[in-house]
Structures are given as C-alpha cells and as structure tokens.
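Number of protein chains: 2
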Amino acid sequence: MATSEAGRKAVKTPPRPLRRPLLEALPYFTGLSPQARSDVEARLVRLTLEKGEAALLEGEPSDRLFFVAKGRLKLLRTSEGGREHILRLLRPGDSFNEVAVFDGGPAPATVMALEPVTLYYLRRKDVLELLSRYPVVAEQVTRYLAQQLRELVSMVEDLSFKHVSARLAKLLLTHAQPAAGNGAGLREHLTQQDMAAMIGTAREVVARSLRDLEQSGAIRIDRRRIIITNRKLLEELA
Amino acid sequence: MATSEAGRKAVKTPPRPLRRPLLEALPYFTGLSPQARSDVEARLVRLTLEKGEAALLEGEPSDRLFFVAKGRLKLLRTSEGGREHILRLLRPGDSFNEVAVFDGGPAPATVMALEPVTLYYLRRKDVLELLSRYPVVAEQVTRYLAQQLRELVSMVEDLSFKHVSARLAKLLLTHAQPAAGNGAGLREHLTQQDMAAMIGTAREVVARSLRDLEQSGAIRIDRRRIIITNRKLLEELA
DNA sequence: CCTAGTTTGCAACCAAAGTTACATAACCTA
DNA sequence: TAGGTTATGTAACTTTGGTTGCAAACTAGG
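Respectively, the protein sequence lines represent chains A and B.
If you use the numbering used here, the first sequence corresponds to residues 151 to 388, in order.
If you use the numbering used here, the second sequence corresponds to residues 151 to 388, in order.
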C-alpha cells in the first residue's frame, strides 16, 4: 500500500482459458452447470495492472464488473483535499464496481492495485444477460450487494458513534491473525497511514491512539509490529 | 418525528385488493405484465402501524421485504448510548429490509413509523421466487440496491471528510422545496434533533451550525422555519 | 554499504465537536 | 386559555481530533 500517484494504463492481455478454481472462487458463479459456466467464461475479459495503476477512477463512467483473480487492490474515495478513505481492501475472489454497473451511474470509488494484479471483467450487458438467464446468479448478486450494504451501514455507525480509538481497535481485531488469541499479530502489515485511511482519520491520530492502546495494555508495539496482548480488552474498547 | 419510545404491536389487517397505482409506484414491479402483477399481488401482505410503532428492530431476524404504501417512517441505527443515526426517511413507494432478506442475516436497522402507516410485505421465499421468475424484477432490485450503496458510500465520505456545517448545508439542500431557488423553505419540518440524527451529531451542534449558516447569509431562520436565502452559497458550503 | 524515500514518534497547538446547564419560546391538549 | 410538553437559543467548558513541524528509525535499491 502507500503507493504514490499513478497512471492508469492497463495491459489488456490476450484471452486465455480460465483456470477452473478461479471461477469457482467467484461467489456469483459457484454451483453453475458446465454450460452456464462456459457461457460466463466466454464473456470474461482478462486484464492486468501494475502496482499503483487504477482499474477505476471515481466519477468516471464505467460499465465493467470486475473480478479479482490475483493480487490485492484498495477501493477508496478521495476528498477534494486529497485525503483518501479506504472503503475496502480487495483480494482474489472479490468483485467490484457493482454500483456503476447496476445503477448505470459513474464509478463511486477509485480502485488501485497495491501490487501486480490480474483481473477479469464483464460488460454491463453481459452481466444483465447472465442475471436474467441464470436466476442463481441473480440470487448470489443480491446477496453480495446486501452484504456490502450491511458493511457500509456498520461503517456509518462507527463513524458516527465511535471514537478513533474504538474504530482502530475494531480494525486491529478484524486484521488479526485468525486462529490466534492473545499474542497474535496482524495478518498483513498495515502502515499507520493505511490504518488512518481505513478508519477515516489522520496518521498522527492513529499513532497517538496506538500509544493509548499500548498504555491500556491491549496491544504491544514491537519494532513497528503490532501484537495483540489482550484480545478481550481490545474487544471491549472497540 | 421526535417520537419517544414505542411498542411494536402491529395490526395485521385482512387482505384487501391493492389499488393499481400503488403497485405501479413500487420501483421493483413497474412494467410487469398483468399476470406477473397479480402473481406479485397475491403474495403481498398488508400491515398497518400507528405512529411510534416499529416495523423492524435492528438485530432481530426478519425475512420480510417491506413496501411503504402510506405514511412516513424513519430507518435508523441506535448506539449503545441511546443516540440514533437516521439513515433514511421512508415514504410511499420506498421499500426496506432488503439487506436481511437477501443476505439472510438480522435486520441491520430499526424502522419506526412517524405517523400512521400502511405497509405491504413479501416473505423472503416469495421474493426469491419472483426474482427468478421475472428477470425484470431482478434487474430492478439490483439497481435499487446499487443506489442504496451509492448513497451510503456518499454518507461515509461526508462523515469522514466534511464538518458538521457542510453536512448540515447538504441536508438542507436535499430537503429544500424542489422548484424554488432562493427563498425556499424545507419541504417538511425537521426538528434540530432530527437534523442532528441525520447528519450524525448532537442537537446543540446543529443549533450552533444553523446560527453560523445564518451569519454567513446562506439561510434565514424565521420563527423556527428555515429559509434558504442564498442557495449558491449554501452549495459551496456543502 | 549507502542513500533516498518512507514510515514512525512525538510534542505543542488549534479547531471542531460533544457536554452541561438553563432560560425561553412555541405547541398541543384538556 | 392554562399548563404541561417539546423544541430552541445560548454560553461555558471539556474532550477529541486535526495540524504543524521535525527528528529518528527503517527499508529497498543501487
């Protein structure tokens, strides 16, 4: 993360057969019949991006529904002042740009590659066709959209009711090593800048809050790695 | 608005034929064939609520997709501290509880009647059946969900980037009399408490911001009615 | 191994927003 | 219209969060 400015050149690579596991990993298309599956595959277009390149710029029209096959991206919204709020991190299996595809408006957020990335996309008309041809897909799509809505509602709630340190605590918890209880680190390294952009505040405030959390005994910061020393406590703070 | 606590008794009234205009006003079901229409109508259940009654409580399971036929409701999220954040005002033609119906989880928000209200609802299984039987419905539903997502993203952006006075200015603009330019009042009266709950702040802060806006010349407050005296300015502030 | 760029630590300060505490005005209902 | 209830106006104060400004620690590439 923490990439600086970026162009948006995209390398369109020649179509190449999809590996099965990928399509199966896309929530929209699990459990389709073989014919249906090839119907979908025939419409997918492959696309690769370098680190820092944008798949989508907020405000621009776009009718592509994207799927992440490889690599991670950030989906963010930018303020006039240049600050960014990261709404989601995208990883293989995720999709994005549903909003623009389904309501026909401009892209509501920018999506930028955090590392070399492979994407596939469908055009709006193909999506709608698949949607009406395969009801299962329609069902999966509505489920996915509903989940997104649920997450955003919870984000709104957090922003409006919780203080920075609570939002930070929650962020740490959702990024903690899964199995581990106490003593767990984060699954992937996040810079303070990243964390700030994810919970909607400034980097310095994150630093301050991290110190507070350390004071309280919930976490320990060891050579800029965050260790959760008291998960219970952290959950209470969140 | 500004209703106090409320029970949640609901009066289930005997089924009665839907007036055509209503069904036509529901975005999901416009443009259906007559048979399709009666297929939908046969599954709708009618429900009335008194002012202050809840159609839905956040956290409770619910598999009903609701449609507003008459009256207004507020859709809100409550904090532990009892503060509420109003996410949307619902009026005839609106629907709610898509999230729980489509992802199968608990209701993400509470919905409360602001006045006597008539609702219709469909059960989850009927919704899914209609969805797969009539592709047009699937398309309308995904469009509607996408619009909701767009609005929530914009709400998140506002909360994270804008100050209270900007959020308030925006709120006033979206509630201003439609046609009118300067000199326009609000379409419906909102108490400061309402406004505070809609932009995620405290009532006193709204009062303070209103004074600021009046100072700046964007609005005038005349016997607790808000008049927009300089729409341009208000738009800049937002 | 060295350097340029990135990330972090931290303090001091300022601005915004939340809180507390009342007084006053408007509204509704009996 | 009287009297209670709800909505407002406003000030003072506290807390949180945003900003500024560096210095130090780190890291990746050459």
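Some hints could be false.
Unchecked claim - Across the chosen pairs, the derived CB separations fall in these ranges:
| # | chain 1 | residue 1 | chain 2 | residue 2 | range |
| --- | --- | --- | --- | --- | --- |
| 1 | B | E354 | A | E191 | 53 to 63 Å |
| 2 | B | P177 | A | P211 | 38 to 48 Å |
| 3 | B | E265 | A | E265 | 32 to 42 Å |
| 4 | A | D213 | B | R283 | 20 to 30 Å |
| 5 | A | E174 | B | Q327 | 47 to 57 Å |
| 6 | A | S183 | B | K201 | 50 to 60 Å |
| 7 | A | E174 | B | E354 | 46 to 56 Å |
Stated by the list, open to error - Here are the simulated DMTMM-like pairs of lysine to aspartate or glutamate, each with C-alpha atoms no more than 25 Å apart in a straight line:
| # | chain 1 | residue 1 | chain 2 | residue 2 |
| --- | --- | --- | --- | --- |
| 8 | B | K320 | A | E208 |
| 9 | B | K320 | B | E301 |
| 10 | A | K275 | A | E265 |
| 11 | B | K312 | A | E301 |
| 12 | B | K275 | B | E208 |
| 13 | B | K320 | A | E354 |
| 14 | A | K275 | B | E307 |
| 15 | B | K320 | A | E307 |
| 16 | B | K320 | A | E210 |
| 17 | A | K312 | B | E338 |
| 18 | A | K320 | B | E210 |
| 19 | B | K275 | A | E279 |
| 20 | B | K312 | B | E354 |
| 21 | A | K275 | A | E174 |
| 22 | A | K312 | B | E210 |
| 23 | B | K320 | A | D372 |
| 24 | B | K382 | B | D276 |
| 25 | B | K312 | A | E289 |
| 26 | A | K320 | A | D253 |
| 27 | A | K312 | B | E354 |
| 28 | A | K312 | B | D244 |
| 29 | A | K312 | B | E230 |
| 30 | B | K275 | A | D372 |
| 31 | A | K312 | A | E289 |
| 32 | B | K320 | B | E338 |
| 33 | A | K320 | B | D308 |
| 34 | B | K382 | A | E385 |
| 35 | B | K275 | A | E301 |
| 36 | B | K312 | A | E210 |
| 37 | A | K320 | A | E279 |
| 38 | B | K220 | B | E301 |
| 39 | B | K312 | A | E354 |
| 40 | B | K312 | A | E191 |
FYI, nobody ran anything at the bench for these hints, they're computed from the structure.
Quick reminder that beta carbons are idealized off the backbone N, C-alpha and C, glycines included.
Can you give the numbers of the hints that this structure goes against, from lowest to highest? 2, 3, 10, 13, 14, 17, 23, 24, 25, 26, 28, 30, 31, 34, 37 and 40
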